[in-house]
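Participant: Now for the letters of each chain:
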Amino acid sequence: MPVPLSYSYRNLLTRRMTTVLTAGGMSLVVFVFAATLMLAEGLRQTLVSTGLPTNAVILRKGSESEVQSGIERSQASVMTTRPEIAVAPDGTAMAAREVVVLIGLPRASTGKISNAVIRGTDLKSLALRPQVRMARGREPRRGSTEVMVGKNVAKGFTGTQIGDRLRFGKREWEVVGVFDAGNTGFSSEIWADGDQVMRSFGRDAYSIVVAGLRDYGAYEAFRAGIEGDPRLTAETFRETRYYEKQSEMMAKFLRVLGVSLTIIFSLGAMIGAMITMYSAVANRVPEIGTMRALGFGRSSILAAFLAESVFLSLLGGAMGLGAAAVLNFFTFSTTNFQTFSELAFKFALTGDIILLSLGFSVFMGVLGGLPPALRASRLKIVEALREA
Amino acid sequence: MDTPLIRIRDLCKAYTRGDQSIPVLAGITFDIAAGEFLALIGPSGSGKSTLLNLIAGIDTADSGQILVGDTDIVTLSEGELADWRSGHVGFIFQFYNLIPVLTALENVELPLLLTSLTRHERREHAAHALDAVGLSDRLDHRPNQLSGGQQQRVAIARAIVADPDIIVADEPTGDLDRVSAQDILHLMDRLNTELGKTIIMVTHDQRAADAAHRVRSLDKGVLHVSD
Numbered sequence: 001m002p003v004p005l006s007y008s009y010r011n012l013l014t015r016r017m018t019t020v021l022t023a024g025g026m027s028l029v030v031f032v033f034a035a036t037l038m039l040a041e042g043l044r045q046t047l048v049s050t051g052l053p054t055n056a057v058i059l060r061k062g063s064e065s066e067v068q069s070g071i072e073r074s075q076a077s078v079m080t081t082r083p084e085i086a087v088a089p090d091g092t093a094m095a096a097r098e099v100v101v102l103i104g105l106p107r108a109s110t111g112k113i114s115n116a117v118i119r120g121t122d123l124k125s126l127a128l129r130p131q132v133r134m135a136r137g138r139e140p141r142r143g144s145t146e147v148m149v150g151k152n153v154a155k156g157f158t159g160t161q162i163g164d165r166l167r168f169g170k171r172e173w174e175v176v177g178v179f180d181a182g183n184t185g186f187s188s189e190i191w192a193d194g195d196q197v198m199r200s201f202g203r204d205a206y207s208i209v210v211a212g213l214r215d216y217g218a219y220e221a222f223r224a225g226i227e228g229d230p231r232l233t234a235e236t237f238r239e240t241r242y243y244e245k246q247s248e249m250m251a252k253f254l255r256v257l258g259v260s261l262t263i264i265f266s267l268g269a270m271i272g273a274m275i276t277m278y279s280a281v282a283n284r285v286p287e288i289g290t291m292r293a294l295g296f297g298r299s300s301i302l303a304a305f306l307a308e309s310v311f312l313s314l315l316g317g318a319m320g321l322g323a324a325a326v327l328n329f330f331t332f333s334t335t336n337f338q339t340f341s342e343l344a345f346k347f348a349l350t351g352d353i354i355l356l357s358l359g360f361s362v363f364m365g366v367l368g369g370l371p372p373a374l375r376a377s378r379l380k381i382v383e384a385l386r387e388a
Numbered sequence: 001m002d003t004p005l006i007r008i009r010d011l012c013k014a015y016t017r018g019d020q021s022i023p024v025l026a027g028i029t030f031d032i033a034a035g036e037f038l039a040l041i042g043p044s045g046s047g048k049s050t051l052l053n054l055i056a057g058i059d060t061a062d063s064g065q066i067l068v069g070d071t072d073i074v075t076l077s078e079g080e081l082a083d084w085r086s087g088h089v090g091f092i093f094q095f096y097n098l099i100p101v102l103t104a105l106e107n108v109e110l111p112l113l114l115t116s117l118t119r120h121e122r123r124e125h126a127a128h129a130l131d132a133v134g135l136s137d138r139l140d141h142r143p144n145q146l147s148g149g150q151q152q153r154v155a156i157a158r159a160i161v162a163d164p165d166i167i168v169a170d171e172p173t174g175d176l177d178r179v180s181a182q183d184i185l186h187l188m189d190r191l192n193t194e195l196g197k198t199i200i201m202v203t204h205d206q207r208a209a210d211a212a213h214r215v216r217s218l219d220k221g222v223l224h225v226s227d
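Quick mapping for you: the protein sequence lines, in order, are chains A and B. Under my numbering, the first residue of the first sequence is numbered 1, with each subsequent residue one higher. Under my numbering, the first residue of the second sequence is numbered 1, with each subsequent residue one higher.
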């Protein structure tokens with residue numbers, strides 16, 4: 001039977017100040033760890049939720065993103081005649097040919113220029129994205145130089161309110177509406193009539209074709225049809241998978257950065273826990289001797305001090321996670337490396353991140369607590385009792 | 001003498017300091033009867049605490065035998081010795097050695113954690129032991145909420161709770177005032193006479209030695225008969 005757990009946690013309660021300070025150090029590390037994972041997860045969730053699983057996105061073969069892609073008009077026409085595409089109530093194919101370009105706009109917070117996505121839309125673009133809803137104003141008229149901006153664009157860039165005029169593609173564009181696409185990447189975009197955008201930027205090719213499929217299961221046949229057609233040099237993705245891919249590079253960067261920082265910080269936290277636990281052992285040598293004399297083995301003593309260190313680290317983990325949870329209410333805006341455009345997204349705390357963070361806390365507690373616990377377990381009974 | 005419970009034969013122990021070997025016990029041989037209350041006295045450094053530690057199984061001898069019943073505890077491994085101690089030996093220390101973060105009841109319950117008793121049974125036994133030492137109204141008190149005498153009573157309750165054959169006491173009155181010391185000695189006498197516990201006590205205190213039924217003195221690692 002091990003030494004009771006109450007022995008371990010009550011000792012932590014007894015030396016409150018040391019406990020809080022050591023746990024505080026560990027909580028900072030867990031906070032950084034959780035925050036970067038939340039950031040990466042927030043980015044992933046935002047981009048994944050941007051797409052619909054029943055939509056397919058077609059890009060030119062080898063293109064990493066829609067900004068780099070180019071699909072000729074003739075090819076786009078072939079693509080939109082596939083039988084797997086759903087039919088709209090007006091009898092036409094539920095497909096949209098879109099052009100995507102980047103423009104520089106001054107950020108509201110710093111005045112510095114950041115890239116914003118202009119999406120030149122087609123008649124079915126809105127129908128294919130039911131998550132996009134008008135928040136204020138109205139939709140741009142087809143064939144006009146009017147735009148509507150996503151809510152994050154209206155919040156993050158200057159000159160993007162209704163009635164303002166933007167200058168890009170050698171023309172002036174009037175902002176006539178603000179749309180809300182929820183927590184998706186579309187909320188960070190500016191939408192205008194596709195033909196007008198192509199004309200302004202001198203483009204004669206679309207960037208992508210988006211197809212609304214009859215049902216979820218129709219995707220494989222659609223992909224095989226597009227990619228097997230010798231007239232087309234195209235690649236097909238489910239829309240959700242396409243946007244998830246857009247998050248991968250940035251999310252990976254965030255994770256690597258976060259984990260690297262955390263490893264460096266955690267060394268300090270583990271040394272802090274180690275010092276605290278060495279001090280705890282030094283102050284309780286006669287207690288250890290007594291318990292050994294009563295018949296508790298070395299492994300029981302080791303477990304008791306290790307448990308104390310783990311309790312300490314779990315407290316730090318809980319404090320760090322508590323602070324990180326507050327970030328859930330914040331929106332973060334940065335340039336997505338993959339698309340070179342500004343993207344706003346929220347920190348997202350998930351069950352996996354909570355488990356990972358607590359697991360990381362326990363790891364720090366075990367590693368920091370092991371050397372002092374080993375020392376405690378190796379004390380000789382007679383020598384330990386002599387220090388009473 | 002009644003049937004010996006403990007038979008000590010040619011027991012030797014030396015400590016090393018640097019290259020030097022300092023003998024502490026030089027071939028001790030004697031018996032301790034079951035139910036005996038023995039006091040070991042002698043000047044500091046005479047080896048009495050070392051002898052007590054060896055009998056209690058918390059230190060290891062260089063040579064010789066300590067036969068408790070049929071078991072030569074000198075030959076036991078560290079793990080076996082720990083098991084043996086938990087079943088056969090109760091400890092009373094000069095400075096009580098209670099765990100500060102545990103209540104009186106939890107302190108007394110500690111040795112029972114090494115038995116197969118259920119939590120309820122352990123609590124019951126511990127409460128009974130505290131009642132036996134007159135502290136049934138102090139179950140939930142922590143050591144720092146008790147006087148020195150009361151703490152030593154808790155330690156005695158802890159020593160008897162697992163019903164060991166042997167109780168070893170290292171200067172049990174050394175940190176107590178005269179009245180509390182007398183009280184503790186009286187309690188130890190009751191353990192010996194009423195419960196039949198074999199008590200081996202190391203002391204500098206003549207009054208404590210007088211409370212024992214037999215006194216042996218040690219000087220420079222050699223045992224002398226004092227009674």
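Honestly, the hints are just simulated from the structure, not real lab data. C-beta atoms are modelled at their ideal positions from N, C-alpha and C, and glycine is treated no differently. Careful: at least some of the hints might be erroneous.
As the list claims (entries may be wrong) - Computed, partial: chain A to chain B, Cβ under 8 Å:
#1 Tyr7
#2 Thr158
#3 Ile162
#4 Gly163
What the hints assert, rightly or not - Think about it this way: if two alpha-carbon atoms lie no more than 20 Å apart in a straight line, the pair counts; the simulated SDA-like pairs of lysine to any residue are:
#5 A:Lys380 / B:Ser77
#6 A:Lys380 / B:Asp62
#7 A:Lys380 / B:Asp137
#8 A:Lys380 / B:Gly18
#9 A:Lys380 / B:Ala14
#10 A:Lys380 / B:Asp177
#11 A:Lys380 / B:Thr16
#12 A:Lys380 / B:Asp175
#13 A:Lys380 / B:Thr75
#14 A:Lys380 / B:Thr115
#15 A:Lys380 / B:His213
#16 A:Lys380 / B:Val74
#17 A:Lys380 / B:Ser116
#18 A:Lys380 / B:Arg17
#19 A:Lys380 / B:Gly148
#20 A:Lys380 / B:Tyr15
#21 A:Lys380 / B:Leu81
Participant: If a hint holds in the structure, say so; if it doesn't, say that too.
Facilitator: Quick rundown of the hints versus the structure:
At its closest, the beta carbon of Tyr7 (chain A) sits 6 Å from a beta carbon of chain B; the interface hint therefore holds under the 8 Å criterion. With a cut of 8 Å, the hint placing Thr158 (chain A) at the interface with chain B is violated, because the nearest CB-to-CB distance is about 61 Å. Below 8 Å, beta-carbon pairs count as interface contacts, and Ile162 (chain A) has none with chain B, the closest being about 66 Å; its hint is therefore violated. At its closest, the beta carbon of Gly163 (chain A) sits 69 Å from a beta carbon of chain B; the interface hint therefore is violated under the 8 Å criterion.
Between Lys380 (chain A) and Ser77 (chain B) the CA atoms are separated by roughly 14 Å; this keeps the pair inside 20 Å, and the hint holds. This hinted pair checks out: Lys380 (chain A) and Asp62 (chain B) have alpha carbons roughly 16 Å apart, not beyond 20 Å. Annotation: proposed proximity of Lys380 (chain A) to Asp137 (chain B) is violated, straight-line Cα distance about 36 Å (limit 20 Å). For the hint linking Lys380 (chain A) to Gly18 (chain B), the alpha-carbon distance of about 18 Å falls within 20 Å, and the restraint holds.
Restraint check for Lys380 (chain A) and Ala14 (chain B): the C-alpha separation of about 16 Å stays at or below 20 Å, so the hint holds. As the CA atoms of Lys380 (chain A) and Asp177 (chain B) are separated by approximately 31 Å, the hinted pair breaks the 20 Å bound. Restraint check: the Cα-Cα separation between Lys380 (chain A) and Thr16 (chain B) comes to about 15 Å, which is no more than 20 Å; the hinted pair holds. For the hint linking Lys380 (chain A) to Asp175 (chain B), the alpha-carbon distance of about 24 Å lies beyond 20 Å, and the restraint is violated.
For the given pair, Lys380 (chain A) sits about 18 Å from Thr75 (chain B) by alpha-carbon distance, which is consistent with the 20 Å threshold. The suggested pairing of Lys380 (chain A) with Thr115 (chain B) is violated, with an alpha-carbon distance near 23 Å, which exceeds 20 Å. Restraint check for Lys380 (chain A) and His213 (chain B): the C-alpha separation of about 32 Å exceeds 20 Å, so the hint is violated. Between Lys380 (chain A) and Val74 (chain B), the direct Cα distance comes to roughly 16 Å. Compliance with the 20 Å bound is thereby established for this hinted pair.
With a C-alpha separation of about 27 Å, the suggested pairing of Lys380 (chain A) with Ser116 (chain B) is violated against the 20 Å cut-off. At roughly 16 Å between alpha-carbon atoms, Lys380 (chain A) and Arg17 (chain B) fall within 20 Å of each other, so this suggested pair holds. With a C-alpha separation of about 27 Å, the suggested pairing of Lys380 (chain A) with Gly148 (chain B) is violated against the 20 Å cut-off. For the suggested pair Lys380 (chain A) and Tyr15 (chain B), the alpha carbons sit about 14 Å apart, so the restraint of at most 20 Å is met.
For the given pair, Lys380 (chain A) sits about 13 Å from Leu81 (chain B) by alpha-carbon distance, which is consistent with the 20 Å threshold.
Of the hints listed earlier, those the structure fails to meet are numbers 2, 3, 4, 7, 10, 12, 14, 15, 17 and 19, in rising order.
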